[in-house]
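A.B. asks: Work the whole structure out from these sequences, hints included.
Top to bottom, those sequences are chains A and B.
Mapping the first sequence onto the numbering used here, position 151 (from 1) lands on 151, and the numbers just tick up by one.
Mapping the second sequence onto the numbering used here, position 159 (from 1) lands on 518, and the numbers just tick up by one.
You can trust all of the hints, since none of them are fake.
Straight line, CA to CA, 30 Å or less: simulated DSSO-like cross-link-like pairs of lysine-lysine:
id: 1; chain 1: B; residue 1: 784; chain 2: A; residue 2: 243
id: 2; chain 1: B; residue 1: 386; chain 2: B; residue 2: 433
id: 3; chain 1: B; residue 1: 416; chain 2: B; residue 2: 386
id: 4; chain 1: B; residue 1: 405; chain 2: B; residue 2: 416
id: 5; chain 1: A; residue 1: 243; chain 2: B; residue 2: 845
id: 6; chain 1: B; residue 1: 407; chain 2: B; residue 2: 386
Quick list of simulated restraints, FRET-style, between CB atoms:
id: 7; chain 1: A; residue 1: 2; chain 2: B; residue 2: 708; range: 50 to 58 Å
id: 8; chain 1: A; residue 1: 220; chain 2: B; residue 2: 390; range: 34 to 42 Å
id: 9; chain 1: A; residue 1: 316; chain 2: B; residue 2: 787; range: 22 to 30 Å
id: 10; chain 1: B; residue 1: 459; chain 2: A; residue 2: 220; range: 23 to 31 Å
id: 11; chain 1: A; residue 1: 7; chain 2: B; residue 2: 873; range: 52 to 60 Å
What the simulated footprint calls covered on chain B by chain A, stretch by stretch (three residues with Cβ under 8 Å from a Cβ of chain A suffice, anywhere in the stretch; the number is not a length):
id: 12; segment: 436-449
id: 13; segment: 539-553
Keep in mind that the hints were calculated from the coordinates and are not lab data.
C-beta atoms are modelled at their ideal positions from N, C-alpha and C, and glycine is treated no differently.
Below, each chain spelled out in residue letters.
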Amino acid sequence: MQRVVPEDLVALARGAAMLGTGGGGDPYIGRLLAEQAMRAHGPVEIVGLDEVPDDAVVLPVAMMGAPTVMVEKIPSTQQLTVAVQALSRYLGTTPTHVACMEAGGVNSTLPFVAAAELGLPLVDGDAMGRAFPELQMVLPTLNGVEATPMSIVDEKGNQGVLDTVDNRWAERLARSATIDMGCSAIISLYAMSGAMTRRSFVPGTLSLCIQIGRAIERARAEHQDPVRAAADRIGGRVLHTGKVVDVSRRTQTGFARGEASIDGVDADLGRRCVLRFQNEHLIAELDGVVGVTTPDLIMVLETDTGEPVTTEGLRYGHRVSVVVAPCDERWHTPAGIELVGPRYFGYDVDPVRYDRIPA
Amino acid sequence: MFIGIDVGGTNTDAVLMDGTTVLADVKASTSDDVTSGIVNALDGLKAKHPFDPAGVKGVMIGTTHFINALVEAKRLAPTAALRLALPATGSLPPMVGWPERLVGAMSGRSYLARGGHEFDGRHIAELDVGELRRHAADMAEHGVRTVAISSVFSPVNSEFELRAAEVLAEELGPDVAISLSHEVGRIGLLERENATIVNAALRELAAQIVDGLEASISGFGIDAPLYLSQNDGTLMGVDFARRYPVATFTSGPTNSMRGAAVLSGFDTCAVVDVGGTTTDVGVLTNGFPREATSDVAVAGVRINFRMPDVLSIGIGGGSLVRSGAGGVTVGPDSVGYRLTSLARVFGGDVLTATDVAVAGGLAEIGDPSLVADLDRASVREALDRIAADVADAVERMRTSTESLPIVAVGGGSILLPDELPGGLKVHRPERFAVANAIGAAIAQVGGEVDRVYAIEPGRRDAVVEEARQEAVDRAIAAGAHPDTTKIVDLDEVPIPYLPGNATRIRCKAVGDLRTEA
Numbered sequence: 001m002q003r004v005v006p007e008d009l010v011a012l013a014r015g016a017a018m019l020g021t022g023g024g025g026d027p028y029i030g031r032l033l034a035e036q037a038m039r040a041h042g043p044v045e046i047v048g049l050d051e052v053p054d055d056a057v058v059l060p061v062a063m064m065g066a067p068t069v070m071v072e073k074i075p076s077t078q079q080l081t082v083a084v085q086a087l088s089r090y091l092g093t094t095p096t097h098v099a100c101m102e103a104g105g106v107n108s109t110l111p112f113v114a115a116a117e118l119g120l121p122l123v124d125g126d127a128m129g130r131a132f133p134e135l136q137m138v139l140p141t142l143n144g145v146e147a148t149p150m151s152i153v154d155e156k157g158n159q160g161v162l163d164t165v166d167n168r169w170a171e172r173l174a175r176s177a178t179i180d181m182g183c184s185a186i187i188s189l190y191a192m193s194g195a196m197t198r199r200s201f202v203p204g205t206l207s208l209c210i211q212i213g214r215a216i217e218r219a220r221a222e223h224q225d226p227v228r229a230a231a232d233r234i235g236g237r238v239l240h241t242g243k244v245v246d247v248s249r250r251t252q253t254g255f256a257r258g259e260a261s262i263d264g265v266d267a268d269l270g271r272r273c274v275l276r277f278q279n280e281h282l283i284a285e286l287d288g289v290v291g292v293t294t295p296d297l298i299m300v301l302e303t304d305t306g307e308p309v310t311t312e313g314l315r316y317g318h319r320v321s322v323v324v325a326p327c328d329e330r331w332h333t334p335a336g337i338e339l340v341g342p343r344y345f346g347y348d349v350d351p352v353r354y355d356r357i358p359a
Numbered sequence: 360m361f362i363g364i365d366v367g368g369t370n371t372d373a374v375l376m377d378g379t380t381v382l383a384d385v386k387a388s389t390s391d392d393v394t395s396g397i398v399n400a401l402d403g404l405k406a407k408h409p410f411d412p413a414g415v416k417g418v419m420i421g422t423t424h425f426i427n428a429l430v431e432a433k434r435l436a437p438t439a440a441l442r443l444a445l446p447a448t449g450s451l452p453p454m455v456g457w458p459e460r461l462v463g464a465m466s467g468r469s470y471l472a473r474g475g476h477e478f479d480g481r482h483i484a485e486l487d488v489g490e491l492r493r494h495a496a497d498m499a500e501h502g503v504r505t506v507a508i509s510s511v512f513s514p515v516n517s518e519f520e521l522r523a524a525e526v527l528a529e530e531l532g533p534d535v536a537i538s539l540s541h542e543v544g545r546i547g548l549l550e551r552e553n554a555t556i557v558n559a560a561l562r563e564l565a566a567q568i569v570d571g572l573e574a575s576i577s578g579f580g581i582d583a584p585l586y587l588s589q590n591d592g593t594l595m596g597v598d599f600a601r602r603y604p605v606a607t608f609t610s611g612p613t614n615s616m617r618g619a620a621v622l623s624g625f626d627t628c629a630v631v632d633v634g635g636t637t638t639d640v641g642v643l644t645n646g647f648p649r650e651a652t653s654d655v656a657v658a659g660v661r662i663n664f665r666m667p668d669v670l671s672i673g674i675g676g677g678s679l680v681r682s683g684a685g686g687v688t689v690g691p692d693s694v695g696y697r698l699t700s701l702a703r704v705f706g707g708d709v710l711t712a713t714d715v716a717v718a719g720g721l722a723e724i725g726d727p728s729l730v731a732d733l734d735r736a737s738v739r740e741a742l743d744r745i746a747a748d749v750a751d752a753v754e755r756m757r758t759s760t761e762s763l764p765i766v767a768v769g770g771g772s773i774l775l776p777d778e779l780p781g782g783l784k785v786h787r788p789e790r791f792a793v794a795n796a797i798g799a800a801i802a803q804v805g806g807e808v809d810r811v812y813a814i815e816p817g818r819r820d821a822v823v824e825e826a827r828q829e830a831v832d833r834a835i836a837a838g839a840h841p842d843t844t845k846i847v848d849l850d851e852v853p854i855p856y857l858p859g860n861a862t863r864i865r866c867k868a869v870g871d872l873r874t875e876a
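C.D. replies: Following this line, the structure appears as structure tokens:
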């Protein structure tokens, strides 16, 4: 068990931005909301998976919609609480724990709001170990856990509960409702017992986010290499260091697809890394050869500061490093690859792990 | 003829320009009241190069006055922030996360009211005029003299901000200044709102300063219009400056880089500014600095202005030079302003970068005989190290493989050879000490659009054209000459998870200042 205070949230948000692998939204707003909620209601306890009792009632909560909308139409803290309460009322249970769907981006900070307001502990872990764009893309899906019943609420007081035939339908119907709600909604879903949470979650990812953030800060303060420090912390490696020389983007079926080309500098001089992204970074190619693919993690950090860069923030001339790291092993099962492998996203390549090609 | 004036914290620099030719330049001390320093500078110009004040077509002033007032939390007016957004956004009210000292200095008050738009233009809630009147009454009761109004997605639709401004004006009277967020910033509610609140707090100071500037110019017999430099290196007229002082915040580094470029004759180049402790490298493309990608905080407040992208490395004229097992190192520590007492050439006992430059014959400063005993090979090694590090910084800032001319300015630029490793030729313009004032004098007029568009299939080109035209129209409305106005920046970013191919388009147009014949 660890007590998270507002001062920890800067590090947590920075680590979450890294595990967001380019997507998941800038966690800044989520951090501010979590700080507000903690100031009003006190710190939040995060508890390890092994401390969650078998019969615990775990309700994950998340934001659904466009992060770009969230920086304008900021969610209210009550919205998160209402989403959890709406689901527990429908289920007729009393939640004992709140949880995160993603370790990346805003959805790693927003659940702190619900935990603080409801006075519940937050599970130290998440359902992905990174960020993915669709709500069925979680490890609980692999274990047969149903996304619904799920609640969906907006800031105006509208609430809905969906009960769907499978998790992809949940994604589809919730997406439509989200758009009508102004493209930013709070959802609570994948209600699980403590036992199922232990089987289906990636352990320790919230405390890991804090450690990543701290490692980056410490390296900067000590004039060490923050990128290396971050990569070491998650057992990954620096694939490429260079300068963004081209970014192209287009929208297809609601998702921002694109490519970024990064020409190497220093030790990587003469090599080009091309990143293919779809909200998150999904493929990293080195000199035309597929080097690393989803579901392993592909992350872009500013070379000098170690600050994570989102796919929307990538710009010509940016000096960045590409860090790759292993995902949770369960994503590499056939069912995992079917759900989040390169072919699901429309890239006709086999998955390649982060350490397959030599540095 | 144009006159460019840079009012810094210490010096007021002025230049008299004919086109891009500098006829005269002068440095004067900045005065507390700003205006007498300007009058002194104008007198200095006239003494150096007699001119007829009636022949001056425009006076351009760059000033750090407003940003300094914010940083020092001085001379800020009692300010209210009104956000139109309920039932959304209430958890993070205006001024959340601000330093308490700053909120106190402007007696800041926050108000939330119903309103705001969705991304697609639907209303989050209708305006409640009664609610606005009640807020206005409370503002009046608490002596509020300036108000910032923000509304969710006002860059998409500004109707609520405009309507609320009418209601507040009816209640508070004409003496209360009102600043609207859609005119100040871009998408990103908190950052845009922050910039608007800061702007509101500076409105009274802006009125006083602009009055003072106008009086000093006309007192000198100059009848030409007065302009202030904006963040992006373009100009604003005085009426705009009274309403948007926040738009001057980052004009300093922008003017300096643009001035250096025009002195050198390049409009696409790397500007290397070597000071006492650091070297700052920026890149100009078509005369405008490349902008940094991240948000910036001023006085602890996050605002979403785009600042010039500058890379700083720890090498300057005062950098310490040491010999060790790994060879010679230069910096990052520096003797700073104590150079003239601690450096070897000035009789001190600290070996600095300036000392090795003198020993290597790059410059004559202080007493060269005091460094005549230095080991030749070590001097060479130190100078090579400096050249290599600066070349590396330039290399990292370069965005294309094409060779980039290097313009070196600043007191420490004597450290640089005439050619950097990699065959990069170093240009050293004269009068670089007044580059800021020159940058102000040559500034153009701009217009900008930053908005989310829903692009229907096949309509992309038409929508981009619409954005371009609007940017051009805005530039012309701001005073640009239509014949010279062109698009200098166009950025298209599709927004994920939004329906209808929602795309954020940012477009900037600039043109030469339109002057009366």
